[in-house]
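**Student:** Single-letter residue listing:
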Amino acid sequence: QKEVEQDPGPLSVPEGAIVSLNCTYSNSAFQYFMWYRQYSRKGPELLMYTYSSGNKEDGRFTAQVDKSSKYISLFIRDSQPSDSATYLCAISNQGGKLIFGQGTELSVKP
Amino acid sequence: DAGVIQSPRHEVTEMGQEVTLRCKPISGHNSLFWYRQTMMRGLELLIYFNNNVPIDDSGMPEDRFSAKMPNASFSTLKIQPSEPRDSAVYFCASSPDRADQPQHFGDGTRLSIL
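First to last, the protein sequences are chains A and B. Last residue of the first sequence: 110 (my numbering), numbering continuous. Last residue of the second sequence: 114 (my numbering), numbering continuous.
Any given hint might turn out to be false.
As the list claims (entries may be wrong) - Taking CB as the label site, the calculated pair distances span:
id, chain 1, residue 1, chain 2, residue 2, range
1, B, Arg9, A, Ser28, 37 to 45 Å
2, A, Ala17, B, Ser58, 24 to 32 Å
3, B, Met15, A, Ser52, 45 to 53 Å
Unchecked claim - 25 Å max Cα-Cα, derived PhoX-like pairs, lysine-lysine:
id, chain 1, residue 1, chain 2, residue 2
4, B, Lys24, B, Lys68
5, B, Lys68, A, Lys97
6, A, Lys109, A, Lys67
7, A, Lys70, A, Lys56
8, B, Lys68, A, Lys42
9, A, Lys67, B, Lys78
10, B, Lys24, A, Lys97
11, A, Lys56, A, Lys67
12, A, Lys2, A, Lys109
13, A, Lys70, A, Lys2
14, A, Lys2, A, Lys97
15, A, Lys56, A, Lys97
16, B, Lys24, A, Lys42
17, B, Lys68, B, Lys78
18, A, Lys42, A, Lys97
19, A, Lys97, B, Lys78
20, A, Lys70, A, Lys97
21, A, Lys67, A, Lys97
Hints in this document: simulated from the structure, not taken from any laboratory. The beta carbon of each residue, even a glycine, is placed where N, CA and C say it ideally should be.
This is chain A alone, in the form it adopts within the complex (with noise of 0.2 Å):
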């Protein structure tokens, strides 16, 4: 079993539609939990970073944490065309490494 699941889709989604990104982890001794946004040809970005259980929101987005099942989510609000990536979870405990998923293509249709 991997640390770390994330469905890679791809994902096709009509602009102004409410977007869930999920990914699922093993090791309840994680604790730290990031989204990375990556264009095409670039290197992938920090979106959100919470290190909770709960919700925090940044703008249209939203990243959600359940520590007790194991699942983080991101929300995206109002999806725009320019949206349009892969969005890969990335996982942590304290002094360990970043563990990434598998990443999630997302197309935002006009």
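Based on the hints, put chain B in the right spot on chain A.
**Tutor:** Below, chain B without anything else, positioned relative to chain A:
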């Protein structure tokens, strides 16, 4: 502020040649990471340095791969001899201090070994 800078952006070379990838981390960042990204395996950590010292190289695939960090502002990843299966995008990233902190990535080197 300048981000992580990698060179070259693209490299095409023949099997058996030596390949050297270069990285300049964000100034003031103490940790540097080399990753490889492929469709099949996703983003894999090859090696990371803290304060210029290699801390974990367990992801380096074999002895053909080597990495150095001679000072806080420069690192290299070398493949010698290169093989077609080394074709991938190689990313360098840096973080302020620890490996568990958010990392800032360069735009990668797209490597093709013919």
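**Student:** Give a verdict on every hint.
**Tutor:** So, going through the hints one by one against the coordinates:
1. A C-beta distance of roughly 40 Å is found between Arg9(B) and Ser28(A), which places it inside the suggested range of 37 to 45 Å.
2. Between Ala17(A) and Ser58(B) the Cβ separation comes to about 41 Å, which falls outside the hinted range of 24 to 32 Å.
3. Checked against the hint of 45 to 53 Å, the C-beta distance between Met15(B) and Ser52(A) comes to roughly 49 Å, which is consistent with it.
4. Using a Cα cut-off of 25 Å, the hinted pair Lys24(B) and Lys68(B) holds, with the two alpha carbons roughly 12 Å apart.
5. The straight-line distance between the Cα atoms of Lys68(B) and Lys97(A) is roughly 19 Å, inside the 25 Å bound, and the hint therefore holds.
6. Simply put, Lys109(A) and Lys67(A) have alpha-carbon atoms about 33 Å apart, too far for the 25 Å limit, and the pair is violated.
7. Under the criterion of a C-alpha separation no larger than 25 Å, the hint pairing Lys70(A) with Lys56(A) is consistent with the structure, at around 17 Å.
8. Restraint check for Lys68(B) and Lys42(A): satisfied, since their Cα atoms lie roughly 24 Å apart, inside the 25 Å limit.
9. With a CA separation close to 40 Å, the supplied pair Lys67(A) and Lys78(B) exceeds the 25 Å bound.
10. Distance restraint check for Lys24(B) and Lys97(A): the Cα-Cα separation of roughly 20 Å lies within the 25 Å cut-off, and the hinted pair is therefore satisfied.
11. A distance of roughly 14 Å separates the Cα atoms of Lys56(A) and Lys67(A); the hinted pair therefore holds under the 25 Å criterion.
12. For the proposed pair Lys2(A) and Lys109(A), the alpha carbon gap of about 32 Å is over 25 Å, so the pair is violated.
13. This hinted pair checks out: Lys70(A) and Lys2(A) have alpha carbons roughly 13 Å apart, not beyond 25 Å.
14. Straight-line distance between C-alpha atoms of Lys2(A) and Lys97(A) comes to about 15 Å, which keeps the hinted pair within the 25 Å bound.
15. Distance check on the hinted pair: Lys56(A) and Lys97(A) sit about 22 Å apart at the alpha-carbon level, within 25 Å; holds.
16. With a CA separation close to 16 Å, the supplied pair Lys24(B) and Lys42(A) stays within the 25 Å bound.
17. For the given pair, Lys68(B) sits about 9 Å from Lys78(B) by alpha-carbon distance, which is consistent with the 25 Å threshold.
18. Restraint check: the Cα-Cα separation between Lys42(A) and Lys97(A) comes to about 22 Å, which is no more than 25 Å; the hinted pair holds.
19. Distance check on the hinted pair: Lys97(A) and Lys78(B) sit about 22 Å apart at the alpha-carbon level, within 25 Å; holds.
20. Between Lys70(A) and Lys97(A) the alpha-carbon distance is near 18 Å, which keeps this suggested pair within the 25 Å criterion.
21. For the given pair, Lys67(A) sits about 19 Å from Lys97(A) by alpha-carbon distance, which is consistent with the 25 Å threshold.
In summary, the structure is inconsistent with hints 2, 6, 9, 12 from the numbered list given earlier, while agreeing with the others.
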